[in-house]
Amino acid sequence: GGIITQTPKFLIGQEGQKLTLKCQQNFNHDTMYWYRQDSGKGLRLIYYSITENDLQKGDLSEGYDASREKKSSFSLTVTSAQKNEMAVFLCASRLGSQNTLYFGAGTRLSVL
Amino acid sequence: GDSVTQTEGLVTLTEGLPVMLNCTYQTIYSNPFLFWYVQHLNESPRLLLKSFTDNKRTEHQGFHATLHKSSSSFHLQKSSAQLSDSALYYCALSAGMGYKLTFGTGTSLLVDP
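So the protein sequences, as listed, match chains A and B. This note's numbering puts the first residue of the first sequence at 1, with every later residue one more than the last. This note's numbering puts the first residue of the second sequence at 1001, with every later residue one more than the last.
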């Protein structure tokens, strides 16, 4: 088995601040994802990466950057935090396409 | 682009009654791969079941679903709800190259004693 580790678990930021979320997986999976979870809006795809150094924009990429410098890690940057923003960011990975997606425990973001 | 529709935001029912959660999808590709994920309180989503075969029933942990390409549907069903089934259920779609996985807005299932 494997595990996906997201850091930090809780992130409190200031309006306009640049914030970085990190994700590590030891499944040796090729494909990694960042989703944003908001109540009533489901899981919305921000960025995904098919392999190391690849980046693909999802439906919610505006306001975010991502980086996949190693196969095992995928980071997400909120380029300018929005006041009163609250959401959970979930990292996930899977082997290739059409296989099971495994999720990390999430990073909870609050912006003051 | 691809989309998934889950019409019910909240389903409340009594233990022992049947469960049906609706899921329809849209894609231009002819090879959709459909998934149901379940998320219990304070946990991450995990796979419940998946299918890419038209008109074939797939089952797991008492739940079942059948992909119907003719109606673009993949409804989740269970014959008898249990208290432990209370959770958030997401329908999801992969199509085309399959790397992009699109989720619906989720249905919260609340089972009362």
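Treat the hints as calculated values from the structure; they're not laboratory data. Mixed in with the good hints there might be a few duds.
[Said to hold, decoys possible] Computed far set for chain A versus chain B, every beta-carbon distance over 10 Å:
{"hint": "1", "residue": "T31"}
{"hint": "2", "residue": "L55"}
{"hint": "3", "residue": "T100"}
[Stated by the list, open to error] The calculated label-pair distances, taken between Cβ atoms and stated as ranges, are:
{"hint": "4", "chain 1": "B", "residue 1": "L1017", "chain 2": "A", "residue 2": "A105", "range": "29 to 39 Å"}
{"hint": "5", "chain 1": "B", "residue 1": "T1007", "chain 2": "A", "residue 2": "N53", "range": "35 to 45 Å"}
{"hint": "6", "chain 1": "B", "residue 1": "K1069", "chain 2": "A", "residue 2": "T5", "range": "12 to 22 Å"}
Note that the Cβ used here is the ideal one computed from N, Cα and C, for glycine as well.
Status of the hints after comparison with the structure:
no.	hint	result
1	T31	violated, 6 Å
2	L55	holds, 12 Å
3	T100	violated, 5 Å
4	B:L1017 to A:A105: 29 to 39 Å	holds, 32 Å
5	B:T1007 to A:N53: 35 to 45 Å	holds, 40 Å
6	B:K1069 to A:T5: 12 to 22 Å	violated, 38 Å
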